[in-house]
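Visitor: What follows is the residue order along each chain.
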Amino acid sequence: MPREPYQNRIELIQGTLDMLILQSLRQGPHHGYGVAQSIRSGSSDVLQVETGSLYPALHRLEKQGWVKSEWKQSENHQRAKYYSLTASGRKRLAAEQNRWNQMSAAIASLMNPEEA
Amino acid sequence: MRFPLGRKRDKDLDEEIRSHLDMSARDQAERGASPEDAQLNARRELGNQLLIKEVTRETWGWGPLERLAQDFKYALRQMRRNPGFTALAVLTLTLGLGATTAIFTVVQSVLLRPLAFRDPERLVRVYESLLPQYATGSVSYPNLQDLRAQARSFSLIQAYNPVGNASLQTTGEAERVAVAQVEARMFELLGASAMLGRTFQPGEDRPEAAQEAILGESLWRRRFGADPSVLGRPITLNEQPYTVIGVMPESFRFPPGSATLAELWTTLRPIPRLASQRRIHYLAVLGRLAPGVELASARRELEGIAGQLAKRYSEQEGRNMVALPLNEVVVGNVRPALLMLMGAVALVLLIACVNVSNLLLARSLARRKEVLTRIALGASRLRILRQFLVESLMLAIPGAGLGLLLSMWGVAELRSMQGLRMPRSAEWHADGVVFGFLAAASILTSAMFGLAPALSALRAQRLQSEPGRGVVGRRQPLKAALVAIEVALALILLAGAGLLMKSFLLQRSIDSGIRAENVLTLQVSVPNASYPNDTVAQRFYAPVLERVGALPGVREAGWISALPLQTWGINGDFTIQGRPPLRGKDAPMAEERIVSPGYFQALGIPVLRGRAFDSSDTHDAPLVLMMNQALADRYFEKGDDPIGHQLLAFRPEAATIVGIVANTRQTGLREPSQPEIYLPLAQYGNQFGQMSLVVSTQLPPENLTSAVRGAIVSVDRGIPVSNVKTMERVIADSLADRSLYAVLLGIFAGVALILASAGIYGVLSFLVSQRTQEIGVRMALGATTGTILKSVVADSLRPVLVGIALGFAGALAATRALKTLLYGVAANDMFTFVAVGLAMLVVALAASWLPARRAALVDPASALRNE
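Sequence lines, in order, name chains A and B. So our numbering is basically just the index in the first sequence, starting at one, shifted up by 13. So our numbering is basically just the index in the second sequence, starting at one, shifted up by 348.
None of these hints come from the bench; they were simulated from the model. One or more of the hints may lead you astray.
Stated by the list, open to error - DSBU-like cross-link-like pairs, simulated, lysine-lysine; straight-line CA separation at most 30 Å:
no., chain 1, residue 1, chain 2, residue 2
1, A, K104, B, K401
2, A, K76, B, K1138
3, A, K85, B, K356
4, A, K104, A, K85
5, A, K81, B, K359
6, B, K401, A, K76
7, A, K81, B, K356
Make a model of the complete structure from these sequences and hints.
Guide: Spelled out as structure tokens, the structure:
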């Protein structure tokens, strides 16, 4: 596994969360609450993103240069911090997605051998 | 401690979380919750805000600045936790850095900072020389004129008359001010201009020009209340009228490098009597090298000119002219002394360094656990190293600040030292270079004393599995080495101080040839305008002697033109009548002094043959003179009695030798007695300018000061009195520089000794505490208190003895630099070395006694229970 320059406490979940965040930002800039909502609704409430993981993740992604942020007016005319994907973030997302696909296929084939 | 960037990020994060909460609450409300419930639910859903913020902040990581700030904060906490340790370390560094900075301030002000004139490196001082006696002598007026007419190497040559005192009268009472007479273009030569009014213009030094004066800034402020309308005002100097034309700023210090700076300038004019006298040398001459001219070629040209003069005029035979760079002249012979002191304070600083290092080392062992924990938590070695160095720096910063204060106090003390004649002392102050030096020294110092403890703490990493506590305490080679170094450095200083002290005491015990106890001296300068030379003795000096002699408690009183033991005086050649006259360097030379009756008696100088001057030697009586034994020894054959011989000296008429007195040291205690001619005051007047009154008393001389002053005032209230001193003070002042060096080095050596003994004590206490169990076991096995004591002291003596051996080697090399400062003592004087070695040993033993005693009193049972 390639080592990230930051320390992952719970590697899998965090890596996955990062990927999900990047994915949710593909449609366009969003604030933290929006990202959480879109992951939640996109997974039919299966995946609940803890705020305690969300913001550290967003800030970490920003530090890595995969997302950038700016303060904008929200749909409710409130100031909110909007995150958007950067070019390297898109590349990262593609790589993560690729890896995820491989892994889920591998896990699927392990879990359901008769279908292979 | 957070930096602005960090604060903005914090605020951003707060707002981000708040907007999250708002949006969440709005959603809740839209789903039908009451506003209060919505808020509550949103908060509940979010979880622990503080924790979220904390975890998020952690992802930012620490910027390098913030990490450094954290280190500083941590260091500060460490310092506060150990106030005793902190105070000791800071005090030690204050002493080391303060002493170093003080001496460096002087070095910078005297040796390094350029003179405050335009292009000072192009300025030279021109001398006439007559080797071997006079390497740098004054210039006579005709020679100055010839020099100026012929020399092409200089863009300007100007003469001045070294500072004399004159009585300044404005509206109030007379005041003595230091006056320098300069040729009109001197200011132009130095590139100095007036802050108010103007300087002299070319030609204003001609005999017929009106008399003008330029004031120094301090005199202008003191005496004229900084009044700008002073320009054009008439003043009276030595009873002659002058017009003020300008004010020079305080920064114009003249004569260059002199300890007595002029406060007033007048023009130097040819003195009719001396203008044609090629053999009377009294002018100081400055020159500015012409553009593109090297000093060497200027010197060659001067040699050529002097050669021509020697061919043309017989009195110039053997005389040469030389030019020396002005800055060299100004620094004079203090360079070796200053460098010696600089070396000494560097040693003190090194010892301070070693001491603090030792203190930190003891602590770094105690902090091993902390270091291990931090490494276990992921701190890098570099981070820990930096932490330790930052802690060192935090000790050095207050040390540097207090050291700067100490140095400022020290420099002020040095400057005010009585009788000290050090060049440029008015310019001694800290400047940017001094601050830079202090900063560099502090950083270097903290790196030096911080490195060993830091590395030792890091070694903890390798000793992670703490070895089982052995019974025998581990030896501490690093600490023992530090003790040895401290002892060695302190010994070098002690040896230097011992040598200087011994040589100073030897100088003090030199017989000056005079009886100095209970003698009061003071100086007057009597203006020629009101007292012409032929009558001044009769009208002023003799009446004063009469009245002073009548005072109760006075034994004898007399006048002389220059007190003994002065580095200045007047000398000249002479011929003994009946012998072929010798010219140039073979001409007999002697110091010349004008004295009154009573002088020799007042100082207890015995008349060896003939008689002393008395009241019969009046102005109209036949010319007489006296001489000293040194002159008789050098210029008269054994059987040839000088009494009755005729001498031509100072005046063209011959004078009869009437008496021979014993030798005195005229030019300094270290200098052998020179041949000397004494001329009677009644016949010569005060042709040499100032006269000093010497009064021997039955009471403590200080008690008679006001009575003697009163006697002078009763003769003429307009004559100012200065330099009131006891003769003992005069002698002490003549050794002021040597005593200062000895005292300073003594202080530095004392500080070094205290620091070193504190270091030894600290290390031994530590070692003993490490060995408590071993000692307990040994005592349980039957060792006596005596054996324990012996063993601990022996342990401590090993590094001390190594240090003493190293110190001797270092001192032998270092004290060679003292050679020029020593008198009558060899740089490797055995007695001094053995004495300071023993002193060091005694101090080291004393420092090890307390810890050894503590070790011997260990209670074996409790020591073993400690296990």
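Visitor: Assess, step by step, whether the Cα of K401(B) is no farther than 30 Å from the Cα of K76(A), and give holds or violated.
Guide: holds (16 Å)
Visitor: Just to be careful, I want the Cα atoms of K76(A) and K1138(B) compared with a cutoff of 30 Å; is the pair within it?
Guide: Given that 30 Å is the threshold and the Cα spacing comes to 65 Å, the pair is violated.
Visitor: Could you grab the alpha-carbon distance between K85(A) and K356(B) and see if it respects the 30 Å cut-off?
Guide: holds (17 Å)
Visitor: Can you confirm whether the C-alpha distance between K81(A) and K359(B) stays at or below 30 Å?
Guide: Holds, at roughly 18 Å.
Visitor: Within a Cα-Cα threshold of 30 Å, do K81(A) and K356(B) meet the stated pairing?
Guide: With Cα atoms ~17 Å apart, K81(A) and K356(B) stay inside 30 Å; holds.
Visitor: Run the distance test for K104(A) versus K401(B): straight-line Cα separation, threshold 30 Å.
Guide: The given pair, whose Cα atoms are some 29 Å apart, holds under the 30 Å limit.
Visitor: Given the hinted pair K104(A) and K85(A), is their alpha-carbon gap at most 30 Å?
Guide: Holds, because 25 Å separates the two Cα atoms, which is no more than 30 Å.
Of the numbered hints stated above, the single one contradicted by the structure is hint 2.
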